[in-house]
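Asker: Chains as they are written, first to last, in the working numbering: chain A, 1 to 531; chain B, 1001 to 1531.
Here are the simulated lysine-lysine pairs, DSBU-like style, with alpha carbons at most 35 Å apart:
1. B:K1137 x A:K86
2. B:K1282 x A:K137
3. B:K1137 x A:K452
4. B:K1220 x B:K1210
5. A:K321 x A:K452
6. A:K354 x A:K452
7. A:K452 x A:K282
8. A:K282 x B:K1137
9. B:K1452 x A:K137
10. A:K86 x A:K452
11. B:K1452 x B:K1354
12. B:K1452 x B:K1321
13. B:K1282 x B:K1354
14. A:K137 x B:K1086
Simulated from the structure, these hints should not be mistaken for laboratory data.
There are 2 protein chains.
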Amino acid sequence: MSVSSISCEPVLIAGEWRAADAVGTFHALNPATGEQLPGEYPISSWTDCDAALDTAARAAVALADVPRDRIGGFLDRLADRLESRKQELVEQAHRESGLPASPRLSDVELPRTTNQLRQAAQAARDGSWALATIDTKNNIRSCFSAIGPVVVIGPNNFPFAFAGIAGGDFAAAIASGNPVIGKGHPLQPGTSRLLAQEALAAANEAGLPKGTVQLLYKVKRDVGLRLVSDHRVGASAFTGSRSAGLALKAAADGSGKPIYLELSSINPVVILPAALAERGDKIAQEFSASCMLGSGQFCTNPGFVVLMEGEGVRPFIDRVKAAFDSSTPGVMLSEGVAQSLAESVRILRSAGAKLVTAEGPAPGAGRHPSTLLEVTADQFLAASAQLQTEAFGAAALVVVARDAAQAEQVLDRLEGNLTGCIYSHSGTADETLYERLAPRLRRRVGRLLNDKMPTGVAVSPAMCHGGPYPATGHPGFTAVGIPASLRRFAALHCYDNVRHDRLPAALRNQNPNGSMWRLVDGTWTQADVSM
Amino acid sequence: MSVSSISCEPVLIAGEWRAADAVGTFHALNPATGEQLPGEYPISSWTDCDAALDTAARAAVALADVPRDRIGGFLDRLADRLESRKQELVEQAHRESGLPASPRLSDVELPRTTNQLRQAAQAARDGSWALATIDTKNNIRSCFSAIGPVVVIGPNNFPFAFAGIAGGDFAAAIASGNPVIGKGHPLQPGTSRLLAQEALAAANEAGLPKGTVQLLYKVKRDVGLRLVSDHRVGASAFTGSRSAGLALKAAADGSGKPIYLELSSINPVVILPAALAERGDKIAQEFSASCMLGSGQFCTNPGFVVLMEGEGVRPFIDRVKAAFDSSTPGVMLSEGVAQSLAESVRILRSAGAKLVTAEGPAPGAGRHPSTLLEVTADQFLAASAQLQTEAFGAAALVVVARDAAQAEQVLDRLEGNLTGCIYSHSGTADETLYERLAPRLRRRVGRLLNDKMPTGVAVSPAMCHGGPYPATGHPGFTAVGIPASLRRFAALHCYDNVRHDRLPAALRNQNPNGSMWRLVDGTWTQADVSM
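Sequences are here, hints too, so could you generate the full structure?
Answerer: Following this line, the structure appears as structure tokens:
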């Protein structure tokens, strides 16, 4: 099945850039121009995956003996290296994604990425993420430990921050002590290559085991399913579309392999009447800016607005319409992404949503006008599945409920989402309504916001970038936020009556670094265990 | 499809004992006599499940507003009530399970059960289990919160401690704020009924929402699969056989519902040569006692022993053989369990295992002789799947490896297990071998023990009663040990910019009880947040 691999870019396997066992090749396109970009990249066969898995399994064993400082050093070094190569990275990612070089890629996303890497480095050194727990009376001790090789499949909408190599899942998987097989997004192979080059160099500098970082560019669907369900894998992380994610989940579940998903989300925003009356214009402005940010290509893009009939509704909708209509459609990540958005809008309209924004001339290939749609809650309740279709991009559906009771019904129909926002009067005028609606929204989302749009996802220890299915595969985990995101890639390891000098450093009486928090006999402490 | 339900026992749904919508009925048998016990119990239709789910969904909403003290009070009250009714409970469980009334049921298992309930009560009140995390700079706060109705499907081998009502999963699910739909084990319906009576009374005394505790006795397989995958369910917990557990997992996974499994485990025990030389007799005695305890009907029963060729091997095997041969086979939980053990022994023998213990006369219905089998590591490596068949009961397979290298290979072939033990010389004579073998065993088990048999599972905060697939469904969770077991039944809830008076008590500036541990700006503290 292999085609000649001589002409195409090598993959990173077992510490070396080597010829792929390719079943085909592909090129990146510049979404702004539609032009093919230089570089022919391989679609890897199972043979490449198999080789990567073998190496990763060995690397996982070797990593167990690597001091945590060294793993932290790798992550810090990688952050430094990405900053040193910033210009080239930004230019490449801009060419492949159409995202603005500045401020987006250069001033927001790359700093976010290096910040994540440095936070992960700190967490790896500190070790508190592992929730080390010591029961001195029974001499039973436990902590989270590396789960084994992690497959990280990155999305198209963050060339750096969520990338298979150097993104948040990568940082979390490495910090918890695991090797990573990263799969770059096929829209951005050149960016993936640069990130992996720096990761390999940093890993070599830190003296990490060969195969701690490996890169594949693309695999066919069946090979991907086999990859996440292979017995050598510890866990996988996927950020992307619901259909691809659920197929991977089915495969991984079937062989008992944890997979962490971050899939579609329409991120409901509820705006209560007194808030609309008090500052409807301001909220419309905030909403429009958040919805159109980055051409709406965020998983936390607010795509679903719940209003209750009243005098603030029309002015709000008009104001958003005006902002949307006067905006210039940006270049989307690919022609396919723009077409998919158009298709989602078609689905919403065919389910009864009315187009609010102007139906202007087609904005050109790879672009899509900012789109506002509207339905009554009656319509929504009659077709709630279709009307929750994610329209990935700058598009939103406003649902106008007759009253609070109907708004409750709307919220009760929502699928799992990453976020949910409620805007309310700055005083107490909306308080009764808030109390009715907030508990319902709470159950549907991972992150509940007040008076704030969801597009910012702070890398905070208290963040939950997760939520109920089908926004993710398990509501107990978060893809963003350290230390919690590290625990996705860990197994709970208990040591019962194990001799003291055989315990991992985290569980010995002496605190390994003086800063690690451990739960000793019910008390969280950074002190040594006194026996 | 319903049969008349008038003659059979009612089920507990929506706070009332009411006639089941039964598709059939069943009786319990006394495994010691084979006689049918009084009481005709219903096999519930989907209609019963549907009603229980509706009530549970409402109870879940109502429970969110119940003070944690009240939930703790319920669990404490239930523990008290079980103690008050101890004699009846023990007699009933003894009749239905064949397990000795004393010491097992009366002096070990019931105290363990009430201890778990009281620890869970304390955890519910204290709240530290929720890992409340506060980032004051970003005003982002998060904690684990109730996940929604929990279906608990109990096993046959612990009439109290792991029961669908009042067992460990029940206690954890309630303590984390969820209603429970318990499914009793069909071998022990009378015990389930008594437990549920006490739970209902305690719930009413504590003023918990109607439907916080519900009981079904038995459902058909397809109804069970539908139950754990229903949209109203938050999560499920199952303790039992691999085949039933994996079918439930497939169903739950398919609808994105977490399910926590505790399935089969052969619990490998590695005995190193210098330990055998030093104290082979003592270890043989410990092993025999552990393997035959409770007729071997424990998920942590040691069923797989790895030895390395040498002079200690034959005496060890002879000693265990003598202990096994001289034991009197106990009554097993049911005739089916005894037959299943006989079948597993047949599978092991057909895969090449040699019977070491005497092939005596059949020990009578519902009993099985303690059975020791032996293979070389060569044989094991040639048929490692069949030779890891769990023989649930007092049976074990000894694998004799040529040397340490071959022992490594054996360990590398192991499936996921709950526990793994290594016995080594009390000095350092086995240290080199330990260092070679322990990391390999570590990767295959949830709990690693030294010089200690695995059958005791302390209810310790540091316990992991879990492990890699297929011993469980996810290696990051534990079914025993508080607080960690509670987090299985929780979703991560983040509050971003939420007004202070709208936050749950756990996340407000004032520590809700002065004892709750919270991670505030990177420091674990019981103090209030000073802003």
